[in-house]
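For what it's worth, numbering that gives the first Met the number 0 labels the leading residue of the sequence shown as 0, then goes sequentially.
These aren't lab readings, by the way, just hints derived from the structure by calculation. Honestly, I wouldn't trust all of these hints.
Here are the in silico distance ranges between beta carbons for each label pair [to be verified]:
no.: 1; residue 1: E324; residue 2: V247; range: 49 to 55 Å
no.: 2; residue 1: D166; residue 2: R191; range: 48 to 54 Å
no.: 3; residue 1: D92; residue 2: P165; range: 46 to 52 Å
no.: 4; residue 1: D217; residue 2: D305; range: 26 to 32 Å
no.: 5; residue 1: D55; residue 2: D160; range: 38 to 44 Å
no.: 6; residue 1: A135; residue 2: E250; range: 35 to 41 Å
no.: 7; residue 1: D34; residue 2: R181; range: 26 to 32 Å
Think of the CB as a built atom: it goes at the ideal place given N, C-alpha and C, for glycine as much as any other residue.
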Amino acid sequence: MRIVFDVSPLALPRTGVGNYVLGSLRGLAGAAPQDEVVAFAVTGPRGRRAIPEALDGVPVERRLRFLPGARYVREAWSVAGRPAVERFAGPLDVFHYSDWMFPAQRGGLRSTMVHDLVPLRFPEWTTRWTRRMHGAKYRNAARTADVVFTNSRFTADDVRDLLGVPDEKLVVAPPGVADAFRAEGPTADLGRPYVLTVATLEPRKNLDTLVEAWRRLDGDLALAVVGAEGWGDQPRLDEPGVIRLGYVDDERLAALYRGAATAVYPSRFEGFGIPIVEAMAAGTPVVASAHGSMDEASGDAALRADPDDPDALADGIRRAVDERERLVPLGRAHAREFTWERVGEIMLAAYRERL
Numbered sequence: 000m001r002i003v004f005d006v007s008p009l010a011l012p013r014t015g016v017g018n019y020v021l022g023s024l025r026g027l028a029g030a031a032p033q034d035e036v037v038a039f040a041v042t043g044p045r046g047r048r049a050i051p052e053a054l055d056g057v058p059v060e061r062r063l064r065f066l067p068g069a070r071y072v073r074e075a076w077s078v079a080g081r082p083a084v085e086r087f088a089g090p091l092d093v094f095h096y097s098d099w100m101f102p103a104q105r106g107g108l109r110s111t112m113v114h115d116l117v118p119l120r121f122p123e124w125t126t127r128w129t130r131r132m133h134g135a136k137y138r139n140a141a142r143t144a145d146v147v148f149t150n151s152r153f154t155a156d157d158v159r160d161l162l163g164v165p166d167e168k169l170v171v172a173p174p175g176v177a178d179a180f181r182a183e184g185p186t187a188d189l190g191r192p193y194v195l196t197v198a199t200l201e202p203r204k205n206l207d208t209l210v211e212a213w214r215r216l217d218g219d220l221a222l223a224v225v226g227a228e229g230w231g232d233q234p235r236l237d238e239p240g241v242i243r244l245g246y247v248d249d250e251r252l253a254a255l256y257r258g259a260a261t262a263v264y265p266s267r268f269e270g271f272g273i274p275i276v277e278a279m280a281a282g283t284p285v286v287a288s289a290h291g292s293m294d295e296a297s298g299d300a301a302l303r304a305d306p307d308d309p310d311a312l313a314d315g316i317r318r319a320v321d322e323r324e325r326l327v328p329l330g331r332a333h334a335r336e337f338t339w340e341r342v343g344e345i346m347l348a349a350y351r352e353r354l
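Working from the sequences, and respecting the hints, build out all of it.
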């Protein structure tokens, strides 16, 4: 079986989607050593270096096309519906496409991944470009995909209800946790005890409410914020006691998790919520938003709080610090359920059942 797998999103610094693309590709290659897995991308100058670096050590064939204006090429190619992807990627049995493009194919199984339906549910939380790109991809997936993977049962239900994709085409493949996120290893020292939150700085991540909650802790803990600047109104993070760390790699992030008194994830909506599980794997107690989209990531191992109630979040932080000895082993056990090997096995089984 020859599986062509779109890795174009690896051109950007990896956050949730990019980590899922790379982790699932690695898991699939490990689950299918007798099959041929091909990393395919149409990318511009950023991807020329970033994608090969991301793929280093992943046992896949590479078919990477470097083009100026790749973003517009991908969009035009997807809309035009020709030429077929086989012209550039070669013959295939499966084509798995990303959020970034959905070119037509002559034959084989057609597969994609839906991480969440935020642009449909909450368009005000996304940019116009995101709404346009994802809206077109959603319509194409509903119309043409033979199998649609989602990272949670919650998202699968959304895809069925909002896009009309039947249950028999839906397969849930929860994300894995990278090997870097383990309890053993270096611990970050920020000069004082701290609460850690990990999020791209954008409205949906709800950091303004977290800052309000943190103020109610009366200076007992600093607030460390990991995440690149996103879009829209930025949270107020310019006061003493708030430590902005920007984008960090997995090794640094794991050390920050290990050093934190607790990790807090106050997002209003997610497809899954992988930082919740990463923190647990690193041996950190977690306070997570009570929104149902994060139930599967949280399991019974996180404390939950209303994301729009600063008092509830502050109380959750205090409880997590006090209940650390109880929460940490629960979290580590829960996190062990999420592996990229399992994702690869789920994807491979879905392909084989449909071919």
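Hints versus structure:
| no. | hint | verdict |
| --- | --- | --- |
| 1 | E324 - V247: 49 to 55 Å | violated (28 Å) |
| 2 | D166 - R191: 48 to 54 Å | holds (50 Å) |
| 3 | D92 - P165: 46 to 52 Å | violated (22 Å) |
| 4 | D217 - D305: 26 to 32 Å | violated (21 Å) |
| 5 | D55 - D160: 38 to 44 Å | holds (40 Å) |
| 6 | A135 - E250: 35 to 41 Å | holds (36 Å) |
| 7 | D34 - R181: 26 to 32 Å | holds (30 Å) |
Hint compliance for this structure: hints 1, 3, 4 are broken, all remaining hints hold.
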